[in-house]
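Participant: Chain residues, written in single-letter form:
There are 2 protein chains.
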Amino acid sequence: MPDAAVLLTEAAAQAELALDARLPPESADPARLHRAMRYAVFAGGKRLRPALVLLACRACGGRDAAAAAGLAAVEMLHTYTLVHDDLPAMDDDDLRRGRPTCHKAFDEATAILAGDALQTAAFGAAAELGAEAVAVLALASGSLGVVGGQQDDLDAEGKPVDAALLERIHRRKTAALIRASCELGAIAGAATPEQRKALAAYGEALGLAFQIADDVLDVTATAAALGKTPGKDAAQGKLTYVAVHGLDAARAEGARQARLAQDALVLFGAHGADLSELARFVVERRS
Amino acid sequence: MPDAAVLLTEAAAQAELALDARLPPESADPARLHRAMRYAVFAGGKRLRPALVLLACRACGGRDAAAAAGLAAVEMLHTYTLVHDDLPAMDDDDLRRGRPTCHKAFDEATAILAGDALQTAAFGAAAELGAEAVAVLALASGSLGVVGGQQDDLDAEGKPVDAALLERIHRRKTAALIRASCELGAIAGAATPEQRKALAAYGEALGLAFQIADDVLDVTATAAALGKTPGKDAAQGKLTYVAVHGLDAARAEGARQARLAQDALVLFGAHGADLSELARFVVERRS
Chain A
6 MPDAAVLLTE AAAQAELALD ARLPPESADP ARLHRAMRYA VFAGGKRLRP
56 ALVLLACRAC GGRDAAAAAG LAAVEMLHTY TLVHDDLPAM DDDDLRRGRP
106 TCHKAFDEAT AILAGDALQT AAFGAAAELG AEAVAVLALA SGSLGVVGGQ
156 QDDLDAEGKP VDAALLERIH RRKTAALIRA SCELGAIAGA ATPEQRKALA
206 AYGEALGLAF QIADDVLDVT ATAAALGKTP GKDAAQGKLT YVAVHGLDAA
256 RAEGARQARL AQDALVLFGA HGADLSELAR FVVERRS
Chain B
6 MPDAAVLLTE AAAQAELALD ARLPPESADP ARLHRAMRYA VFAGGKRLRP
56 ALVLLACRAC GGRDAAAAAG LAAVEMLHTY TLVHDDLPAM DDDDLRRGRP
106 TCHKAFDEAT AILAGDALQT AAFGAAAELG AEAVAVLALA SGSLGVVGGQ
156 QDDLDAEGKP VDAALLERIH RRKTAALIRA SCELGAIAGA ATPEQRKALA
206 AYGEALGLAF QIADDVLDVT ATAAALGKTP GKDAAQGKLT YVAVHGLDAA
256 RAEGARQARL AQDALVLFGA HGADLSELAR FVVERRS
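Each protein sequence line maps, in turn, to chains A and B.
Here the first sequence is numbered in the numbering used here, starting from 6 and rising by one per residue.
Here the second sequence is numbered in the numbering used here, starting from 6 and rising by one per residue.
Bound conformation, chain A alone (with noise of 0.2 Å):
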């Protein structure tokens, strides 16, 4: 019986070691980017993506070591956004992860930088996967995929409640790289195209319902399990699920997304036990 725990622990530890033989020493020129690149990488987040790579991959019957490459792929592409949503012009955060922000730790010019050169990075590392996981990570990603998500997040803000802009922000904003994540997995994993499918439609879902799940951390956690201001969306009248459906509709959506990212795993059979724990975990999680 797999546990998410130890799951997130183990991928965690691989992901770690892919980002660090991936991003330039500290001592390298320029100094300062390469220590605010480190800074905001290595801040002790979940590591969901590069976890869900690994596990699609091993899904797939694939090795770790064939995933590697993609694990330092998502993860420096979700930390880049994490970086730009986070300066002044855009959510201005003081605080990530319970540490201050990259803007703050250094300064803007450096935390914009940090975060273009981790996106770079990014696509670097997934070109070691081939110019397919590339092609899949740049849709995802771009304009139509996560930064087009973050902008209509920003221009949603204290706009009236919109149930289908709402969606279309959860989707781009966060379920594409999830989605990404699981085919760049079944990629390195040397996937069937049904497999791929497969996976892609568990990302999607699982995608969705982890950003239902912390709409609803932010209405019902503590500032210490999150590592950021709780209520914070609400403050700034972010489109939120909760905001939209409510609280009870909020945990009832979470867990039928869960279910359906289930479902998604039925022609794994036994191999898809790990990625079946992870979706149960993703609405489940305290922080």
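Footprint (simulated), chain A over chain B, 3 or more residues, beta carbon under 8 Å:
id : region
1  : 28–41
2  : 125–133
3  : 157–167
Cβ-Cβ distance ranges computed for the label pairs, FRET-style:
id : chain 1 : residue 1 : chain 2 : residue 2 : range
4  : B       : 69        : A       : 261       : 49 to 55 Å
5  : A       : 275       : B       : 31        : 45 to 51 Å
6  : A       : 102       : B       : 25        : 36 to 42 Å
7  : A       : 100       : B       : 18        : 47 to 53 Å
8  : B       : 68        : A       : 100       : 51 to 57 Å
9  : A       : 102       : B       : 49        : 40 to 46 Å
10 : B       : 33        : A       : 199       : 29 to 35 Å
11 : A       : 112       : B       : 274       : 47 to 53 Å
12 : B       : 241       : A       : 236       : 37 to 43 Å
13 : A       : 260       : B       : 109       : 45 to 51 Å
What the simulated footprint calls covered on chain B by chain A, stretch by stretch (three residues with Cβ under 8 Å from a Cβ of chain A suffice, anywhere in the stretch; the number is not a length):
id : region
14 : 91–104
15 : 111–118
Bear in mind the hints are in silico, worked out from the structure with no lab data behind them.
Positions of the beta carbon are idealized from the N, C-alpha and C atoms, including for glycine.
Please build the complex by placing chain B on the supplied structure of chain A, with the hints as guidance.
Facilitator: Then chain B, alone, in the frame of chain A:
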């Protein structure tokens, strides 16, 4: 006898088509983001980097169509760096190519995101040329390339002149992407290893010549010719070739690097004439 103006016009026309085909329409959601991306990209620049991709591909005997994705990739990459460099936290520029900079025409958050998405789109386009093209572009444009050069450039402002640091900034901030453009053209044109090496050497020298000429123009050109405020580098205490070595030495070194670039083309014989003409143009241009 090739003429640089004709070559650049021809390459620019192909670049516009290649870019337009790879950027979502302005009407696509989020419309504000796509308008900002297109505003930044379609601003009438020289399109030097796409021209280098095209002419390097041709020099190796490749067809123009094979290079199209490379034209778009290097120009989107270059444009994203301009959008971010112009931000208030960085060089704080209001004018670019005679028009308001992206964050002036839109807003800061949109400019950050438009830059981010242009970088993503650049790697999506590079992936059309294969994983090696992505790796070349990533190495040239990350923390050890363009982004690292910009960090050094910012950190050097107002500091004592330093010839070694100046050369490092020029190699990373400018020459790296110009060299990568030539290498992408080589990849698109299925270059032999010798051809690829020669084109990389050409690009490195051309990039240095180009940046030195830029430093000279900041001192000698008019605002109307530049489309931006001349004398700004000097006013900001930027480390430039002119500031370190003086105007006469800058002109001499620019001409020397242009000749080195031309010398690197010897194995192409007559097929190197267009690239050679571009090297002449780069140091003799007036804007």
